[in-house]
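Residue numbers (our numbering), protein chains in the order written: chain A, 1 to 191; chain B, 1 to 788.
Rather than coming from a laboratory, the hints here were simulated on the basis of the structure. Check the hints yourself; a few may be wrong.
Straight-line Cα separation of at most 27 Å, DSS-like style, residue types lysine-lysine; simulated pairs [what the hints assert, rightly or not]:
#1 Lys151/B - Lys87/A
#2 Lys87/A - Lys78/B
#3 Lys579/B - Lys104/B
All figures in this text were calculated on a predicted structure; none of them were measured in a lab.
The residues making up each chain are set out below.
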Amino acid sequence: MRHALWALILTTSAVFAAEPPAWGINELMQELAQIKSAKGRFVERKTMAMLNAPLESSGTLVYTAPGRIEKNTRLPKPETLVLDQNKLSIEFKDRGQRRTLALPDYPVIWAFVESIRSTLAGDLATLNRFYRTSLTGNEAQWRLSLQPVDAKIQTVVKEIHIGGSRSNVRTIEIIETEGDRSLMTITEDPP
Amino acid sequence: MTGAGSRRALAVWVVAILACAVIIAKSEFTADMSAFLPRTPTPVQQILVQQLRDGVVSRLILVAIEGAAPEVLAQTSKRFSAELRQQPDAFVAVNNGEDVALSKDREFLFRNRYLLSPAVTTGRFTGAALRISLEEDLQLLGSPAGALLGKILPRDPTGEMLQLIAQFEGVARPETRDGVWFARDGSRALLVVQTRAAGYDIDAQERALTSMRTAFAVANETAGSGPALLVSGPGVFAVQSRARIKADAMRFSLIATALVAALLLALYRSPRVLVLSLLPVASGALAGIAAVSLGFGSVHGITLGFGVTLIGEAVDYAIYLFTQITPDTAPANSLARIWPTLRLGLLTSICGFGAMLLSGFPGLAQLGLFSIAGLVAAVLVTRFVLPALLPLKFAVHAATGLARGVTSIVDSARVLRYPVIVATLAALFFLGSQRNTLWTDELASLTPIAVSERALDEALRRDISAPDVRHLVVVSADSEDAALAGSEKIAARLQTSVEQGHLGGFESAAVYLPSAATQRARQAAIPEPAVLRDSLRDAQRGLPFRPGLFEPFFSEIDAARTQAPLTRASLDGTALALKVDSLLVKRTGTDSAAGAWTAMLPLRGVTDAVAIARAIQSLPDSAGVLVDLKQESDALYQTYRREVITYSLLGAVAILLLLLVSLRSVRRVLVVMAPLAAAVIVTFCLLVLGGNPLSIFHLVGLLLVVAVGSNYALFFERQAADLAERERTLASLVFANLATLIGFGLLAFSKVPLLHALGSTVGIGAFLSLVFSAVLITQPLALKAKPV
Chain A
1 MRHALWALIL TTSAVFAAEP PAWGINELMQ ELAQIKSAKG RFVERKTMAM
51 LNAPLESSGT LVYTAPGRIE KNTRLPKPET LVLDQNKLSI EFKDRGQRRT
101 LALPDYPVIW AFVESIRSTL AGDLATLNRF YRTSLTGNEA QWRLSLQPVD
151 AKIQTVVKEI HIGGSRSNVR TIEIIETEGD RSLMTITEDP P
Chain B
1 MTGAGSRRAL AVWVVAILAC AVIIAKSEFT ADMSAFLPRT PTPVQQILVQ
51 QLRDGVVSRL ILVAIEGAAP EVLAQTSKRF SAELRQQPDA FVAVNNGEDV
101 ALSKDREFLF RNRYLLSPAV TTGRFTGAAL RISLEEDLQL LGSPAGALLG
151 KILPRDPTGE MLQLIAQFEG VARPETRDGV WFARDGSRAL LVVQTRAAGY
201 DIDAQERALT SMRTAFAVAN ETAGSGPALL VSGPGVFAVQ SRARIKADAM
251 RFSLIATALV AALLLALYRS PRVLVLSLLP VASGALAGIA AVSLGFGSVH
301 GITLGFGVTL IGEAVDYAIY LFTQITPDTA PANSLARIWP TLRLGLLTSI
351 CGFGAMLLSG FPGLAQLGLF SIAGLVAAVL VTRFVLPALL PLKFAVHAAT
401 GLARGVTSIV DSARVLRYPV IVATLAALFF LGSQRNTLWT DELASLTPIA
451 VSERALDEAL RRDISAPDVR HLVVVSADSE DAALAGSEKI AARLQTSVEQ
501 GHLGGFESAA VYLPSAATQR ARQAAIPEPA VLRDSLRDAQ RGLPFRPGLF
551 EPFFSEIDAA RTQAPLTRAS LDGTALALKV DSLLVKRTGT DSAAGAWTAM
601 LPLRGVTDAV AIARAIQSLP DSAGVLVDLK QESDALYQTY RREVITYSLL
651 GAVAILLLLL VSLRSVRRVL VVMAPLAAAV IVTFCLLVLG GNPLSIFHLV
701 GLLLVVAVGS NYALFFERQA ADLAERERTL ASLVFANLAT LIGFGLLAFS
751 KVPLLHALGS TVGIGAFLSL VFSAVLITQP LALKAKPV
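All chains should be built: construct the whole structure from the sequences, respecting the hints.
Put into structure tokens, the structure is as follows:
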């Protein structure tokens with residue numbers, strides 16, 4: 001009798017152990033948080049109501065955990081953008097212009113950049129401060145949708161969709177409230 | 001004194017007292033903190049002191065909310081600010097970092113961008129220049145910073161708003177959390193509140209603080225141990241100081257009166273004598289306040305606090321008189337005997353307080369005048385009024401047993417001669433070895449603000465990232481517009497210095513309110529509508545902007561081209577108005593500079609002040625001058641310390657001369673001075689050993705030790721007619737000293753630094769003067785009293 005009980009306990013726990021863990025946002029974030037650095041090329045296409053043709057740009061992206069992103073645009077004009085902690089600096093190389101923005105002073109820009117940075121860093125806490133998140137798909141092909149929490153940001157950003165596979169981010173699509181949208185496609189360099 | 005003479009004296013006294021009462025009733029009582037800043041010799045210093053009195057700086061209250069989780073603090077900050085914003089009569093501006101406060105500024109900047117942007121110059125709107133602007137816009141639209149431009153692009157294709165915002169970047173600001181300002185470590189939510197009332201209007205400041213506390217109680221939803229409110233700033237200091245001075249003056253006066261009364265009762269065991277003894281004190285106090293009111297136009301609270309010392313000092317005269325009266329002589333006769341000594345003592349006291357009167361501090365001068373007038377009145381009342389009120393056969397029953405005891409102690413005090421001499425020499429040696437660290441060099445040591453309050457103020461200023469302004473360029477001009485134009489010229493030169501790396505940046509009122517000429521030049525740089533349309537059409541060719549996108553731009557820039565120039569009133573309701581008012585001030589007052597305008601450009605990150613000063617000087621007809629505030633205030637302090645030392649020495653010399661003239665003997669002067677000098681040296685040494693470096697006020701205190709202590713030495717030195725008189729003299733000295741000790745000693749417990757410094761110095765010094773006089777002055781019992 002005693003043996004039977006033990007056996008029961010052992011088999012049940014074995015059954016539970018055998019089942020693969022449910023894959024969800026926490027697991028995705030944990031996986032992303034493992035990445036210490038990444039490099040890739042991007043192509044970005046923006047469609048805006050003010051313009052009668054889309055804007056296209058391309059260049060390279062460098063991510064360093066936990067929160068530094070460097071975006072080097074090559075085309076159509078050289079431009080470097082560095083996001084580090086709560087500072088965003090933009091350098092327009094051909095004009096020799098550089099400006100640094102303290103993100104807390106620009107909540108909308110902050111919300112934009114944090115959607116990308118927090119996702120890359122697997123920082124769900126920060127992401128939740130700005131967005132309601134919902135995840136669809138599976139580990140091999142997932143899509144994270146973000147909707148801004150703050151009413152003021154809602155007037156500018158409607159939704160952000162981040163698509164990827166395992167710990168690779170492949171696409172970032174930003175849909176603005178008034179219809180403008182941009183799609184960034186990233187091809188990661190092999191590590 | 002004849003009966004008629006007595007009646008005349010009484011009549012004069014009653015009239016004088018009534019006159020004093022009338023003057024006092026009409027007096028204004030202040031607690032203006034700048035009274036204890038030295039009278040300021042240079043124009044720059046005058047501007048700074050004026051700013052402390054009624055400038056914007058004086059109206060700012062720094063507020064911190066602490067003691068709860070950051071989210072709670074942020075919520076409280078928002079609710080508290082909303083409460084305050086509902087009281088525009090009391091609070092002109094409430095800034096806690098929320099957008100509510102900043103959106104008005106942004107609106108002002110955007111609406112007036114073409115008049116404010118330094119980029120608006122001739123050539124800004126040609127086809128080629130517009131083409132560059134549009135290409136930049138496209139690039140910006142492609143970057144995350146495009147959101148900056150976003151919806152305003154059709155109204156502002158040349159990016160003037162971005163130009164304006166860029167000017168403010170790099171200016172230190174507090175951190176923002178949950179939409180409000182926070183200290184770096186998140187422990188405090190921060191606000192800056194501007195009161196409508198000036199800092200010197202203490203009643204209004206007090207009302208504002210009360211409103212704040214009420215608003216906070218409303219905003220603070222958590223009952224019990226919720227977040228706490230901390231406030232600081234010039235107005236807060238003024239209110240706190242006044243309350244403290246008031247409390248001190250009240251409390252110490254009551255205690256001193258009670259103690260002195262107890263002393264007199266113990267001594268004379270007669271309520272009638274008690275009342276008579278207090279008459280000179282009360283008369284002196286009235287005369288002192290009235291004299292200050294007449295001489296200065298208002299009476300400072302600290303002066304009233306200092307009045308406590310008068311209680312202890314003025315009662316001395318009555319004590320001398322009563323103790324000296326013998327049953328077989330008329331009061332007037334015993335008075336005649338001690339009068340010369342009394343008069344000399346009064347004159348030496350006047351020399352001491354006279355040095356205060358001449359010092360450069362209006363506050364200190366008030367104390368000097370108060371004491372002089374008070375002592376003179378007290379002596380006159382003792383001399384002429386008291387005898388008239390005494391019955392002919394008046395005699396007090398002074399505790400004779402006590403007098404005998406005192407005498408025997410004094411007689412044996414001589415054995416302490418050598419210990420006192422050794423102690424004095426040791427003290428002298430110690431002071432000599434410490435001479436470089438004896439005195440504080442801080443101007444701040446003069447403020448009547450408590451150390452803890454100053455520490456809080458510094459902490460809040462740091463939290464709020466208000467940079468310690470050390471360097472600023474001051475521009476003087478005849479009119480507001482000329483001051484702005486001058487600032488613009490200086491700013492252009494400073495910009496070059498920024499590029500050369502001599503400084504990090506600077507602020508100027510002209511950024512928010514350009515001079516009329518500059519505004520006109522910017523308007524002139526905007527082309528006619530038709531021309532502008534053509535240029536933009538050319539510039540847009542081949543770019544993907546939707547046709548008709550820039551219609552808002554055309555209408556808004558044309559409105560700017562023809563709008564009325566901005567004036568200070570255009571800024572009303574924005575936080576920028578506050579900034580402009582603090583950087584651009586009209587000189588008030590009655591001197592020749594009144595009505596002139598001063599613009600201040602605070603510099604930050606200065607690395608080469610010499611180069612900047614030279615650059616500004618090299619400008620043709622430059623009205624600006626670089627000021628180093630730290631240097632300025634250090635120099636100011638040095639000047640005043642020198643001045644006070646000079647006056648104190650002069651006071652000491654005057655006392656010496658007075659003694660020499662009266663005593664007509666160098667030897668006797670030396671005998672009188674020896675215990676006083678020893679008392680000063682040992683007191684000085686004790687104060688230094690007690691800790692803090694000494695301020696100018698301690699120095700003044702040391703002079704008062706000589707002035708007050710000389711009374712005891714003089715009576716000691718005065719030769720008594722017989723043993724009984726000697727006993728009476730000694731007893732009166734001990735009681736007079738006790739009374740003085742009560743007066744000054746109580747002040748040592750005051751939290752007002754000035755009163756504390758004077759009280760502790762004179763308290764210790766007066767006591768030592770008596771003891772050392774007893775020890776050092778041999779008093780041979782002469783058979784016949786020699787006149788002094």
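Here is how each hint holds up against the structure:
{"no.": "1", "hint": "Lys151/B - Lys87/A", "in the structure": "holds (23 Å)"}
{"no.": "2", "hint": "Lys87/A - Lys78/B", "in the structure": "holds (25 Å)"}
{"no.": "3", "hint": "Lys579/B - Lys104/B", "in the structure": "holds (14 Å)"}
When held up to the earlier numbered hints, the structure conflicts with none and fits them all.
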